[in-house]
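Undergrad: Relying on the hints, combine the two individually framed chains into one complex.
Quick mapping for you: the protein sequence lines, in order, are chains A and B.
Following the numbering used here, the numbering of the first sequence begins with 1 at its first residue and continues without gaps.
Following the numbering used here, the numbering of the second sequence begins with 1 at its first residue and continues without gaps.
In case anyone wonders, no lab produced these hints; they're calculated from the structure.
Fair warning: this is a prediction, and the values are worked out from it, not measured in the lab.
All residues carry an ideal CB built from backbone N, CA and C; glycine is no exception.
Fair warning: there could be bad hints in the mix.
With a straight-line Cα cutoff of 35 Å, these simulated DSBU-like cross-link-like pairs (lysine-lysine) come out [as the list claims (entries may be wrong)]:
#: 1; chain 1: A; residue 1: K52; chain 2: B; residue 2: K535
#: 2; chain 1: B; residue 1: K494; chain 2: A; residue 2: K30
#: 3; chain 1: A; residue 1: K51; chain 2: B; residue 2: K535
#: 4; chain 1: B; residue 1: K8; chain 2: B; residue 2: K26
#: 5; chain 1: A; residue 1: K11; chain 2: B; residue 2: K556
#: 6; chain 1: B; residue 1: K556; chain 2: B; residue 2: K484
#: 7; chain 1: B; residue 1: K484; chain 2: A; residue 2: K51
#: 8; chain 1: A; residue 1: K3; chain 2: B; residue 2: K392
#: 9; chain 1: A; residue 1: K52; chain 2: B; residue 2: K484
#: 10; chain 1: B; residue 1: K535; chain 2: B; residue 2: K524
#: 11; chain 1: A; residue 1: K23; chain 2: A; residue 2: K11
#: 12; chain 1: A; residue 1: K30; chain 2: B; residue 2: K489
#: 13; chain 1: B; residue 1: K360; chain 2: B; residue 2: K370
#: 14; chain 1: B; residue 1: K202; chain 2: B; residue 2: K4
#: 15; chain 1: B; residue 1: K596; chain 2: B; residue 2: K4
#: 16; chain 1: B; residue 1: K504; chain 2: A; residue 2: K175
#: 17; chain 1: A; residue 1: K3; chain 2: B; residue 2: K301
#: 18; chain 1: B; residue 1: K524; chain 2: B; residue 2: K504
#: 19; chain 1: B; residue 1: K364; chain 2: A; residue 2: K84
#: 20; chain 1: B; residue 1: K22; chain 2: B; residue 2: K8
#: 21; chain 1: B; residue 1: K616; chain 2: A; residue 2: K51
Chain B side only, calculated, beta carbon under 10 Å to chain A, not exhaustive [unchecked claim]:
#: 22; residue: A73
#: 23; residue: V134
#: 24; residue: T189
#: 25; residue: H275
#: 26; residue: N278
#: 27; residue: K542
#: 28; residue: I543
#: 29; residue: K638
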Amino acid sequence: MTKQTINLKLKVWRQTNPQTEGKFVTYDAKDISPDASFLEMLDTVNEGLIKKGDSPIVFDHDCREGICGSCGFMINGNAHGPEKSTTVCQLHMRHFHDGEELVLEPWRATAFPVIKDLMCDRSAFDRIMKSGGYISVNTGNAQDANAIPIPKPDADEAFLSAACIGCGACVASCKNASAALFTSAKITHLSLLPQGKVERGQRALDMVAQMDAEGFGACTSTGVCSASCPKDISLTNIATMNREYLKAVITQKEEMGGGDGV
Amino acid sequence: MSVKLDSKIPSGSIDTKWKDHKFKMKLVNPANKRKHSVIVVGTGLAGASAAASLGELGYKVKAFCVHESPRRAHSVAAQGGINAAKNYQNDGDSVYRLFYDTVKGGDFRAREANVYRLAEASVSIIDQAVASGVPLAREYGGLLSNRSFGGAQVSRTFYARGQTGQQLLYGAYSSMMRQVDLGTVELNTRKEMLDLVVVDGKARGIIVRNLLTGELESHVADVVVLATGGYSNVFYLSTNAMACAVTAAWKAHKKGSYFANPCYTQIHPTCIPVHGENQSKLTLMSESLRNDGRVWAPLKKGDLRKPEDIPENERDYYLERIYPSFGNLAPRDVASRQAKFRVDEGHGAQGQEAVYLDFKDSIKRLGEDKIRERYGNLFQMYDKITAEDPYKQPMRIYPAPHYTMGGLWVDYNLMSTIPGLFVAGEANFSDHGANRLGASALMQGLADGYFVLPYTVGDYIANTKLGEVNTSNDAFKATEESIKAEINKMINVKGSRTVDSIHKELGRVMWEKCGMSRNEAGLKEAINHIGQLRKTFWNDVKIPGTANELNTELEKAGRVADFIELGELMCRDALTREESCGGHFREEFQVDGEAKRDDDKFCHVAAWEWNGSADKPQTRHTEELTFDNVHLATRSYK
Ligand SMILES: Cc1cc2nc3c(=O)[nH]c(=O)nc-3n(C[C@H](O)[C@H](O)[C@H](O)COP(=O)(O)OP(=O)(O)OC[C@H]3O[C@@H](n4cnc5c(N)ncnc54)[C@H](O)[C@@H]3O)c2cc1C
Ligand code: FES
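The following block holds chain B by itself, in its conformation from the complex (with noise of 0.2 Å):
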């Protein structure tokens, strides 16, 4: 069965479409929200506000993630900060800037209207956090401060010294645990989602795995959102927290919701280079460095002094050579290939996969202490990390792979193919197109939780017939008896090949196939390859212990299962795509370095249908874009 992919924008201009739209909604009465639930599976930024929110207008909500608490999840680990169209500082900015930047820094591949509506909803998401208690920065006449981020002109990025992430989740943490106090929210904390559950082709409830028993438990709702964040793990090191996966939206995948635009990944451009083998992720130093950071590679090829050592007129402050009007504050995907050319052509770091991002000249104009007090605790986890003081001698930085804009597809209301199935931040793909630009995750997650999903929920909820259905239903036992299955399959393979090493060479496969550049022939390669990783991981995968019990090994297992195949579905992507467009680049399609975007073919989302078997490859639909507001341009930011 195929869908049409109908993205439901509104009609009227660009600007009405929203507030004309949450007017035409129906509403659900108070007394009648009682009667209805909503499971949210994940509780990071996203899912965390969609609880609370959604919590607030009182519907019963269970909420539910793998970690121990809902503080744990990985928004916690955002530094830089957030972006909004406040323009406190009065230089120029505004909604529409907002939106013309996330559009353009998108490479013109994400919807619009989506965007301009995450650029009116960004000025709310700053009121609502102060309102909770986030302690953002503020000057010294007591009102909030701002900083620069890549792929912008204008000063609009709210932040909390280097831990942003931390202060808003914990501000939507915590507006969760009132309502958890309230008893509108059920908190399920240590719960991983393996299945989605369809009864009469709505979504209506997941199954969970209770990590420290081992229990396989059903649950039911009128609704699911999925708020399970990226899936930068596959390539095993990224800038990710561990428990990172892609598990809840291939399962929803799998069950029937579209996934799109899998190669649309974001590799980071300052982050603390490998150091071996047995390194388990890579650390982000956040873009917000670059405000301050000039990044430079020694202009010798095989240049092996020491930075301290090479004069000045030695050094390529090459973002700053080829881009003169965004200089260090280039986007990410550009800054990125730019730092591996540079590597690929001999300029390394003393021969190292590393260039250089120097603070020499800003401490000079600043000083030490005002550095410090806006990056000291990102200086001080490079120095404990690498054991170098980043105020003495540059740090050493290189890409790596660190967001995920591909992400499970959904319509306007963020609904996915499947209905009843709510998809919100990173784990949806509609925002960022090709490239998110700094600084605008946490702001899509927020709006999409605080934002978007309390409305559409609710008009999804009042237009629908939704029976009585319980856990007793035939779709939850099937469901759970096929995990099941699953799982003591995988467990009693009890092969030679521990899961770390299968998520290893899966990772390096991706890296140096479907990384930072990519061609035809690669790509190739990489499906085969992956096609036999498959294959060795369901005859050779060691897992010790039983499926009963907390088994840390069966969690990952079980993970990189569906790694193994997102990883398939990214490559084809990838290779179907034959043009380069933000962070997608297909050697075969550049001038000079730079994406080369075919509007006439690829203008449009590709959103791939689940066949019923990983032997049996994915079917490709689209969804056309169009531009109405800001004109399909080469990007330029020379």
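Bound conformation, chain A alone (with noise of 0.2 Å):
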């Protein structure tokens, strides 16, 4: 089955390292199939640009089949493109027409800066998870799983909150650059399972002063954070978090000694 192919412009930032200052470079992409990945298209960009000798466009990637979060930049101002529920490994051509511009840029956040290219640093997500996003539990320790039976309702909404992949889409699109999608997703998915309700309140805690402490902006509840999350991550997750958050800061002042103007 022979499909037509595509032709199109790209507009790329391109940037040598994080110190150096980048800018856009224009490419053309020839005889795309239709079937083709967005990272097959740039595949075969970067194909061209290495037989002349120029350095390949820097991307992310890894899995390319919309699990891992490795993937993602702006296309024409969409993070991972225009395809709703879909990380950019996922989108395939036959979502463009021939003749098309398409303005690639990185994430753009204080939080998240510019590796090289489409490449951004998202090691400020691997710091929140390490303040707060598990359970105490050592490795042995566990009773029998079906020890305590969780509602069905709880474990499904637990699971759709952990199915978060990280890919840092939600910040890349706040205009704020807000990680609370994020961050709420992980202390939504551990408060609603038994095992983590024990730590919720300082888990909370902790989650949130670091991903204050990371510079991520505030929430100011415009929504687009779900609206272009490839995984659909709701955003009562960040309702949960602010009703955690803040059940915990009036339970830890009590446990200091309440009302004493803390």
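TA: This is the structure:
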């Protein structure tokens, strides 16, 4: 089955390293099969650049099936491009038309410095996870997995929050570069499960504090994060985080003696 | 120097070996643990669980990965599920049955003792996962849910929709991040191990390249654990992620670690077919789909009709026909081969390299909602890639390289032929014989990391005199120099072939000659071809940029150079193994399309020793396999 191929014009952000300034450079993407993925289209452009001795356009990627969270950049101002619930590695060229011009830019956020071209540093997410995104249980301490039944709706909801792949599209599309959706998804996932409830207060305090320390902006509830999320992480996670956080702040005061003007 | 292969399988009956062995192992007292350091390379399921558990015990752990974050390890892509002998369904499962199924599924080419331990550990893995917050699927009563996987007649697979690997990895990752928070684990991301450092015959460290700056760094430790995953990307197109590579394992092989059964590779029966020349990878459609999907091919040769136009009586549900007792849940090697036979005989879907996986009947029986709940994300993924709606028309599927049973040889303690070098997860060869059953790789990675290494690493440390070594040791300097020289050589070739073009050529040879079926003439041709390709690489590769910066082409080039050498060894291993077993199908050895083993000659593990240069073929060593519990028999799923 040979299908009609398409040609595109790409305006791509090129930046050699974090220290230098970047700029847009224009490339032609020729004879692209509509069945190719967006990254395969870039592979083709890169193959051409390499043959000419130029350095290829650098972008993060690995699984190419929408699950590892490595890929991600802006296409014409949209995180991961125009298709809803789709990472850029799962975006196929059949959604573009011949002659289209596309602008490709890295995620832009203070907490995600650009490393090279379309690749940026999202290690801030790891540091948020490290600050409390876990349940404190050592290997070998676990009781039988069915000892505590978990209502199916809770388990399902926890799964939906846990499905976040940590790609950073939420931060990139938020005008405040807030990491509220990412952080809240983990807080919600763990606070819904009986195993995670024990540490919920401290977890909320620590993760929110780390999120702020990383330089992410405040959430002003525009909802763009959720709309641009390839895994459809819901905005209600942020409400849960706010509730968990407030509750923790209040009980923490009580534990510290409460009402004494802390 | 040749090492005798001692599997160190403890004596005693199969069900008490591990318990007794654990009791006999020496312990390191808590205060001393702090003085000992362990390097864990790889932070997928196996590495993250090992790093977390060793950190909890009090060792000083340094963990490394090539990824930006441990959460991106390839384990994240595992879809269908993880096996455990919980018998929650009361359908007759037991540790013994899981052990039996796995030994049989591996076509009697795995070590009984290892497999039994794996089946025992499976039970604790699920407990551990749930305790660390992994949201596995549940029934309305709040208890855990199961599905069935190939090669088994019980329902023992735990899952989280089609994202089981993701959720299990996040569980192990978060346990490890807790240790990072507590200061017992130091995490090093975007660093690629390029060599192992051996001092006085023991593994004492690694050299890594910082992928952001190109700098080489030396790291020293008392023990090195490799958990660097499998090598399916030797085929170029596979279901593995782009960065999956053999480099860490291969470099260890060249330092003296034997490579076992390299020709045992798994070609997964249900993947989305290839669409074109510029394709970069293949996408798996989880085996769990075969719970509710029926596999068929057109009965008539050269039938070009659309699937919906082919009436029921002109469809060949060949797995149900040939294997009535396992039906669509026949094991992977068998299902893949049968798909290939159909296509080779002219029964491909609309004349292409594909067969159908059809949900029509189960949608009728269970309703679209139920199917969506079970496989929603897989159907969506299929739709995205092919622009076809699998709720309305059958999926087109074809086999693709997916998993590698071969890997670095390890003894019962998961230690390689280099003392102090342990290997875990897909990177070792240990538990799956010649064919891995679905949902048992996740199980093995976590068993190794959570429940085996924490004991055996301690035993090694307690029993070994580990002299003071630091990175100014000559061995570190010499290793670093040799890596520098190799990188410079590569980058200075400045030839005309791109790395990808060489990798694609290698992949094509491997797929055609050392893929789903193999024969003597083809393998010999492949060995020749790959030898030439190695020369092409070193004389004509083109790598832009320099070594002292982020250089993705250089990264790929290093990995491809190692894949080329591995590819040659795989063919040699396949050529020497004059029998068919599991995923290794030699056309000369078959009975009506089924694998014909030769237990008199080949009931052993083949482990290859590097002889100092790619121009000198490796030496083949063997470890005899004995079957005291599951008796050697011809595998039948009929
Ligand atoms: C699409 C797909 C679906 C699957 N589904 C299932 C399933 O449903 N059930 C099942 O049981 N199994 C499944 N498998 C198999 C299973 O996922 C893998 O075998 C398993 O996850 C491997 O885990 P690992 O920890 O050994 O390696 P990986 O997860 O591959 O981790 C390797 C780690 O090593 C690091 N690394 C590699 N090389 C180096 C180096 N040179 N230097 C530093 N770090 C390095 C990487 O960064 C990574 O952290 C599936 C596999 C695929 C491809
Ligand atoms: S490459 Fe893994 S999500 Fe896109």
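Undergrad: Take a quick look at whether B/K524 and B/K504 sit within 35 Å of each other, Cα to Cα.
TA: OK: B/K524 and B/K504 at ~19 Å, within 35 Å.
Undergrad: B/K8 and B/K26 were given as a pair; does the straight-line alpha-carbon distance stay at or below 35 Å?
TA: holds, 15 Å
Undergrad: Against chain A, run the beta carbon of B/T189 and see if the smallest gap drops under 10 Å.
TA: Where the cut-off is 10 Å and the nearest Cβ of chain A is about 7 Å from B/T189, the hint holds.
Undergrad: Hinted pair, alpha-carbon criterion (35 Å max): B/K616, A/K51. Please report holds or violated.
TA: Status holds; Cα separation ~33 Å.
Undergrad: The hint names B/V134 as touching chain A; please verify it with the least Cβ-Cβ distance against 10 Å.
TA: holds, 8 Å
Undergrad: Measure nothing beyond the straight line between the CA atoms of B/K22 and B/K8; if it is 35 Å or shorter, mark the hint as holding.
TA: holds, 13 Å
Undergrad: For the hint on B/N278, just tell me whether its beta-carbon gets within less than 10 Å of chain A.
TA: Since chain A brings a Cβ to about 5 Å from B/N278, closer than 10 Å, the hint holds.
Undergrad: Straight-line Cα separation of B/K494 and A/K30 no greater than 35 Å?
TA: Distance ~26 Å between B/K494 and A/K30 Cα, so the pair holds.
Undergrad: Decide if the proposed pair is consistent with the structure: A/K52 and B/K484, CA atoms, cutoff 35 Å inclusive.
TA: holds, 26 Å
Undergrad: Please verify whether A/K11 and B/K556 have alpha carbons no more than 35 Å apart.
TA: holds, 26 Å
Undergrad: Does the closest beta carbon of chain A sit nearer than 10 Å to the beta carbon of B/K638?
TA: violated, 34 Å
Undergrad: Do the alpha carbons of B/K360 and B/K370 lie within 35 Å of each other, as the hint requires?
TA: Answer holds: B/K360 to B/K370 is near 13 Å, not above 35 Å.
The structure fails to meet hints 16 and 29 from the earlier list, while all remaining hints are met.
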